[in-house]
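J.: So the sequence lines, in the order shown, correspond to chains A and B.
Under our numbering, the letters of the first sequence match residues 29 to 437, in that order.
Under our numbering, the letters of the second sequence match residues 29 to 437, in that order.
All clues given are correct.
In silico negatives: residues of chain B with every beta carbon more than 12 Å from chain A:
| no. | residue |
| --- | --- |
| 1 | Ser54 |
| 2 | Asn59 |
| 3 | Gln96 |
| 4 | Glu132 |
| 5 | Asn137 |
| 6 | Asp164 |
| 7 | Thr203 |
| 8 | Lys241 |
| 9 | Pro283 |
| 10 | Asp290 |
| 11 | Arg298 |
| 12 | Asn377 |
| 13 | Val398 |
| 14 | Ile404 |
| 15 | Asp409 |
| 16 | Gly413 |
Examples of chain B residues toward chain A, derived with CB under 8 Å:
| no. | residue |
| --- | --- |
| 17 | Val148 |
| 18 | Met213 |
| 19 | Gly255 |
| 20 | Gly352 |
Honestly, the hints are just simulated from the structure, not real lab data.
Owing to the predicted nature of the structure, the values given are computational and were not obtained by experimental measurement.
Heads up, the beta-carbon is just placed ideally off N, CA and C, and yes, glycines get one too.
So you can see what is in the structure, the chains are spelled out below.
There are 2 protein chains.
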Amino acid sequence: MPVGDTSLPQTIYSIQGVKLGITEASVRYKNRRDLLVIELAPVVQTAVVTTQNAFAAAPVQIVREHIQSDDPIRYLVVNTGNANAATGDDGYPREPNVCKALAEKTKTNISQILPYSTGVIGETLNSDAIVSGLDDCLENLQADNWQEAAHAICTTDTIPKVASTQIEIDGETYTITGIAKGAGMIRPNMATMLGFVATDANIAPELLQSMLKDLVNLSFNRITVDGDTSTNDCCTLMATGQTLNKPLINSTQHPHYHALFDALEKIFVRLATLIVRDGEGATKFITVAVTGGKDTQECCDVAYAIAHSPLVKTAFFASDPNWGRIVAAVGYAGVPDLDANKVSVKLDNVAICTRGQLDADYTEAKGQAVMTRPEITIHIDLGRGKASDTVYTCDLSHDYVTINADYRS
Amino acid sequence: MPVGDTSLPQTIYSIQGVKLGITEASVRYKNRRDLLVIELAPVVQTAVVTTQNAFAAAPVQIVREHIQSDDPIRYLVVNTGNANAATGDDGYPREPNVCKALAEKTKTNISQILPYSTGVIGETLNSDAIVSGLDDCLENLQADNWQEAAHAICTTDTIPKVASTQIEIDGETYTITGIAKGAGMIRPNMATMLGFVATDANIAPELLQSMLKDLVNLSFNRITVDGDTSTNDCCTLMATGQTLNKPLINSTQHPHYHALFDALEKIFVRLATLIVRDGEGATKFITVAVTGGKDTQECCDVAYAIAHSPLVKTAFFASDPNWGRIVAAVGYAGVPDLDANKVSVKLDNVAICTRGQLDADYTEAKGQAVMTRPEITIHIDLGRGKASDTVYTCDLSHDYVTINADYRS
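Model the full structure from these sequences, guided by the hints.
T.: Laid out in C-alpha cells, this is it:
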C-alpha cells in the first residue's frame, strides 16, 4: 500500500504538442498495458538525463546517441516487462529495430526516436512484440492520455504517478504535466527509472538541459528506496512552446524563469516523492532534512547514510524511536572531522538528541507518538555550517522482502 | 538460525598469560552473563583497532587513550546490554569509573585497563552494576574460560564465536585463540563489533599493531550484514610470548612471520565469517570474490556494492538466480570507465554472465541449483586488471526485518 497522499491531480492538463498512445503488446505478460508511444509536434525541445550505471541498458545508450542528433525528437517509445539491460551485443540491435519500425511508420528519421525499456534485467527483449504493438499506439494517440500512459509504464508500481499544474506568469499561462514510474531499484543517479515531463513553455535547448539537470538534482536524485541504482534510469523533459507564441525563455535572467522553474520543481518533487510513497513494501514516507553542514555534499551524504540504513528503516517500520541507529548512521556517513557533540536530531518537532546526547525533555512517549505517523521528517543539524540538503525515503518492511523475493519482471 | 558450519573448535586452546572471568552483572537484563574481565600477565603486548564512526562510543575513546600509555595493558573489561554511545558528557565518566574501580581492586593504574561496551545506543550506562560485578569476574578468572567469555559478550548473537589453533614453525609451537561478537549493525570500518584474539607468540609492539591492521583488513573489514558501521567496533590482539621464551618476532623478515601471520589470518577470517554466518536473519552465507580489477579498492567497492544491495540480498533469500540485480550493483559501484562488456559473473562454478551478456551455456535450472545452496560464492571478473578482493555477507530475510523491528538492546 502506498503511503499518504498519492492521489491523481484534480485536473491532468494536456500539453499542446504532445500526444500519447498505449496498447497491450504482450512484451512479457499478456492483458497488461505495456507499450507507450509519445508523439511530439515537429518543433519540440527535448532534454534527457540518463543513469550513471556502467551497465546502462541498450535503450539508454541509444537515447544518449539520438539526443545528440540535430533532428528534433518526434517520438518516444516505452516498453515495460523487459529492461534490455546486460544483454550485450544481442541487446543493442533490438531497440534500433523498434526505432526503425517506428520511423518507417511515421516517416521520420530513426534518430528522431527515443526508446525506453524497463523490467527484468538480462533477458532478451521481445522486440517483435513491441513492433507489432506500434500501430495500435499510433492509432490511439491522444493529448489527454497522460493517466493511461502512467499506467502503461508501471512495473511493480501499485499506483500511476502523475503530476500536473497550470500557472500564470506576467499574464502568460504555462502548463506542466509529467508521469513517472518506479518502486524498487530506486536510488537514481542523474535520473529516475522513468520520468516524462512536458511543458508548453518555450525554452531554449541549452537552458532546458541545464534546467532538467537542476530539477533532477532536487527531486529524482534525492530519493532512495533501496539504494540500488537502476541500469535504465531516464528522465525526459519536453518543452513545446516554440510554435505556440510563448515567449522564448533562453536564460536564467528571463523574468519568467524563476517562477517557471519553481512550478517545474514542484512537479518533479511530486513525481519523485510519489515513487517513494509507492516504494516496495513502504509503510512510512520519510523525509531526511539535514542542515548545518559545511556544504551540500556532506548534508547529502548524511541524509543518504540514514536513508539507506536497514537498521533505521526497520526501526521506522516498527515505529520504534531507536534514535541510536540514526546517530550511528550520521557517524559513519564519512563527514570529515564531524564533532558528535554538535549534532542534534529531531523527529518532526520532537528533539531527541541535542548536541550529541539525549535531549533533556525527551521522553519515550513523545518519540513513540511521532513514530506512529505515516509521514515523518528526520531533522539532523550537523552544527558546523549553513548548507542543507533533503532526501526522501521509505521504511524497510516485510513486504519489501516478500516483493523482492518473488519479483522477476 | 546461523548458516553452515558454526561449530566450536574441537579444542579451545588456552593462551599462557591470559585469564578470563565472567559474571551476570544485570547491566540491562537479569540472568544473563553480561560482564567479562580478561586479565593479562604483566608483560603482554596489546594492539587495538577501533571504529571510524564519528559517534565513537565513550569506551572506544578511552581505549584509544589508554592504549597510548607506556604502562602495559593488564585488564580488559567488557559489558553487553549498553553501548554507552551517543551519551555525550554523561557517558564519558561512566567508563572511567569502571576502570577506576577495577584498577583499585587489582592494584594497577587506570591506564592499564581497556573498557568495551556493546548493546543499545543512547541510553545511560549502568556503571554501578558493572562495578558490582567486578569481584565475581576476578574470583572467576581462569585460562580455559574462552568459550564462557564468548557467550558473555553476545547480544543478538545466536551462537558464541570462538576460533583456536596451534601450529608449529621451525620446532616452535604457537597457539592462537580468539572470540568475537556481532550479528547486526555489521559493516566494520577498521574493526568489528568486538573481537579479542590472543597468541603466545612474542611480537614486537609496532609489528603487532601493523599485523592487526593487516589482519583486520583481510577479515573483519571485509564483512557486512547490513552496511551499518557500529559506534563501538573494537578489535584487540594480544601477544603474551615475551616471558615465555618465545623468539622475538620484530619484523616481517623474521622466519616465523609469514606462517604465523597465515595462522592468525585463518583465525581472524573464521571469527569474521562466524559473524556473517550468524548475521541477523541470515539463511545464506555469501562470498563475493571480485577479480580482474585495476586495484584492490575498486574490487572492494564492487564487492561491497553487491553485498549491500537489498535487491541482491532478497534474491538470495528467495534462491532466485536474478543475476540482473548483481550486474546492476556492479554497474553502480563507481568503478571509473568500467566496460560492461568485459564483466563476467559466475555463481559458484556456473557461468551466468560472460563479458556483459548471458552465458551461452547458462540455463535457469543451473542457476536455480546453485542458488538453493546455503553457501554460495559470487565470482565477478571485471576484466581490466589483476587485482582482487573478497567480501563476506549474508542474505536479507524476513527474519532480519523481524529482529530489527523488535530489537532495542
